[in-house]
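Whole structure, please, built from the sequences with the hints as guidance.
In order, the protein sequence lines correspond to chains A and B.
For the first sequence, the numbering used here gives the first residue as 421, with consecutive numbering after it.
For the second sequence, the numbering used here gives the first residue as 18, with consecutive numbering after it.
If you're looking for bench data, these hints aren't it; they were derived computationally from the structure.
All of these numbers come straight from a predicted model, not from anything done at the bench.
Fair warning: there could be bad hints in the mix.
Here are a few chain B residues that sit away from chain A, every Cβ distance over 10 Å (derived from the structure) [unchecked claim]: (1) Asp74; (2) Glu75; (3) Leu105; (4) Pro108; (5) Ala187; (6) Thr196; (7) Gln197.
Subject to a maximum C-alpha distance of 30 Å in a straight line, what follows is the list of computed DSS-like cross-link-like pairs (lysine-lysine) [as the list claims (entries may be wrong)]: (8) Lys594(A) / Lys551(A); (9) Lys700(A) / Lys594(A); (10) Lys594(A) / Lys28(B); (11) Lys28(B) / Lys700(A); (12) Lys700(A) / Lys551(A).
C-beta: ideal position from N, C-alpha, C; glycine also.
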Amino acid sequence: MSTLILSSASNGRAKRRANRSIVLRQLTLPKLALRMTLLVLLAVTVIGFATIDTRDTDLREATGESARYFGIMFGSPEPSDQVTFGHAARQVLITLSLAFLTTLIGAVVAIVLGLFAARNLTNPRISNIIKGFISVIRAIPTVLWVLIFSIGAGLGAVAAVIGMSFHTVGYLLKAYSESFEELDAAVIEALRASGASWVQIVFQAVLPSSITYILSWTFIRFEINFAVAVAMGAAAGAGGIGFELFQAAWFRLDIAEIGYITYFIIAVALVMEIIATRLKRRYHIHD
Amino acid sequence: MTPDKYFRRQKFVLTAVLVGMVLITLFAGDITRFDTADAFTAVPRVVRWSFRNFIPDEQAVSRLPRILSRLLDTIYMSVMASMIAAILAFPMALLGSRTTRVAGWLAGAARGFASVFRNIPIAAWALILILAFGTSDFTGFLALFFATFGFLSRAFMETIDEASASSVEALRAAGASYTQTVSQAVIPGSMPQMLSWMLYMIETNIRSATLVGILTGTGIGFQFDIYMKSLQYRSAAMIAICLIVTVLVIETISNALRRVIL
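What follows is the structure, encoded as structure tokens:
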């Protein structure tokens with residue numbers, strides 16, 4: 421590979437070398453890092469496949485079986501004695517409600533913390549402390565939070581909602597504080613110069629100018645929280661449609677019923693995705 | 018509109034939204050039997066409980082080898098799922114992207130397919146797959162793979178749209194073939210961003226693998242569930258600490274890599 425030159429310069433322009441041949445491609449540091457990363461990930465994948473524990477499942481047979489199950493699920497979903505239309509609709513409402521309460525609590529906490537995390541409204545040390553704290557909180561999976569709360573504070577909706585709120589706060593805090601930081605520095609300076617207090621600046625300038633972003637981001641998180649609430653219903657006994665899915669798959673082994681429940685979940689998720697996509701497009705939000 | 022009228026209307030809209038939110042909150046609290054008084058004391062109660070019960074002891078430390086081996090399985094699983102999903106999501110994204118699509122109907126089909134995959138929650142994937150594949154790590158891998166595939170397909174589509182539109186146009190104008198355009202413009206242009214998405218999915222999958230593990234009875238999640246249910250909270254705490262360290266280390270490496278490649 422005589423045409424590859426190792427250079428830390430990141431411009432991709434062709435360089436002439438001493439022998440006058442034109443170098444079309446340079447192996448720059450970013451490219452090298454990219455290739456090494458891909459190689460490492462590929463190696464890990466190969467080793468992973470070589471050592472994965474399949475518990476002696478015949479993979480070909482299981483694949484065929486899965487395909488047949490998927491056919492039944494999506495081709496002939498059926499309600500059962502336990503899961504009728506009315507029951508499934510009620511369970512979906514419970515899951516949506518859990519997601520709603522989680523989003524509400526998360527949003528309130530995130531607005532308050534977001535004001536202290538935004539660099540233009542606070543000093544850098546407080547901002548860094550809050551952001552560091554949040555990254556530790558986010559490192560613990562939501563299902564662990566819910567399980568910890570259901571043992572430490574008792575089973576029920578409270579444990580589920582508060583357990584799910586942690587990642588919601590982390591997510592919204594980042595979104596909110598970034599939209600607070602977009603406020604023109606001159607506005608804050610002008611208000612400060614005319615003697616406005618911190619509280620006045622927040623309520624007269626910061627919140628009004630970012631309210632549409634706050635609401636859009638909150639809805640986007642609500643959409644995510646619906647899927648989270650389905651998962652917590654299944655894995656942590658939080659109730660709702662996820663719990664029905666868990667019952668159908670582990671105990672009733674009713675594939676047509678699993679299909680019926682899955683259709684309910686997909687329908688709600690798709691409607692929310694359409695709304696969220698419109699909001700993102702209107703406010704040019706990238707998540 | 019006079020300012021007076023404008024403010025009055027805005028006040029009305031604000032009040033309506035607030036009343037609506039309060040009503041929904043009351044309904045949601047009622048249907049889930051959410052105990053508000055309980056909620057206010059929950060966090061202090063859990064903090065107190067954690068200090069008494071959720072700190073690793075000697076037994077938990079002695080279990081570290083087993084926990085670490087489960088953790089390693091989990092890391093393998095998330096990397097595998099992200100890598101295989103990325104390899105399959107790329108052709109899907111080529112078909113669905115506005116700049117590289119082959120035919121309109123095919124692009125619509127690709128987008129719709131990716132959208133359905135993305136909207137089936139990972140918990141549903143895990144519970145569906147367990148019926149045929151049983152309680153094994155492979156089931157967990159498949160569930161992570163399907164969910165990641167849906168997410169990456171869309172992320173890659175957007176990346177290709179953004180990163181390579183102008184260079185694709187230039188190459189097309191110069192008479193390059195489809196394969197040439199993809200290999201010379203699309204892949205070099207969008208690779209850094211796509212790798213960044215993969216790193217993001219590896220981080221996310223480590224957390225999701227815990228959830229999938231509980232549902233499929235495998236890996237670190239299942240181990241945590243067992244310790245919690247058999248009241249061995251101190252060993253469960255050890256798992257939580259290991260997960261925090263792992264996620265933070267992976268996040269730090271990813272961020273360092275992003276700074277170099279992006």
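These are the hints, each one checked on the structure:
| no. | hint | result |
| --- | --- | --- |
| 1 | Asp74 | holds (17 Å) |
| 2 | Glu75 | holds (21 Å) |
| 3 | Leu105 | holds (13 Å) |
| 4 | Pro108 | holds (17 Å) |
| 5 | Ala187 | holds (14 Å) |
| 6 | Thr196 | holds (18 Å) |
| 7 | Gln197 | holds (14 Å) |
| 8 | Lys594(A) / Lys551(A) | holds (8 Å) |
| 9 | Lys700(A) / Lys594(A) | holds (16 Å) |
| 10 | Lys594(A) / Lys28(B) | holds (29 Å) |
| 11 | Lys28(B) / Lys700(A) | holds (26 Å) |
| 12 | Lys700(A) / Lys551(A) | holds (25 Å) |
Against the hints set out earlier in the document, no violation occurs for any number.
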